[in-house]
Amino acid sequence: MHLAMVKLAEPARFTQHVMPVALPTHCTQLHAKCLVSGWGQRTGTG
Numbered sequence: 204m205h206l207a208m209v210k211l212a213e214p215a216r217f218t219q220h221v222m223p224v225a226l227p228t229h230c231t232q233l234h235a236k237c238l239v240s241g242w243g244q245r246t247g248t249g
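If you want the working numbering, it's the 1-based position in the sequence shown plus 203.
The hints are simulated quantities; they were obtained by calculation from the structure and are not laboratory data. Just so you know, not all the hints are guaranteed correct.
Claimed, not checked - Label-pair restraints from in silico Cβ distances:
no. : residue 1 : residue 2 : range
1   : Val209    : Val239    : 17 to 23 Å
2   : Met208    : Thr228    : 26 to 32 Å
3   : Ala212    : Lys236    : 24 to 30 Å
4   : Ala212    : Cys237    : 18 to 24 Å
5   : Leu233    : Glu213    : 37 to 43 Å
6   : Thr231    : Leu211    : 26 to 32 Å
7   : Leu238    : Val209    : 20 to 26 Å
8   : Ala215    : Leu238    : 19 to 25 Å
9   : Lys210    : Leu233    : 19 to 25 Å
10  : Lys236    : Glu213    : 34 to 40 Å
11  : Ala235    : Lys210    : 31 to 37 Å
12  : His229    : Leu206    : 33 to 39 Å
13  : Gln232    : Ala212    : 39 to 45 Å
For each residue, glycine too, the CB sits at the ideal point set by N, CA and C.
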């Protein structure tokens, strides 16, 4: 898993296009269906 944190000079303004990421509050069961979101390519190049 990759995670990045960014310190902003001022608070972000949330809009319909800019929203906080909802982090899980507990672990899921093994082989449970999950929702994954992000950006970029769905396949790797190396």
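task = Could you work out which earlier hints the structure fails to respect and list their numbers in ascending sequence?
result = Hints 2, 3, 4, 9 and 12 contradicted; others consistent.
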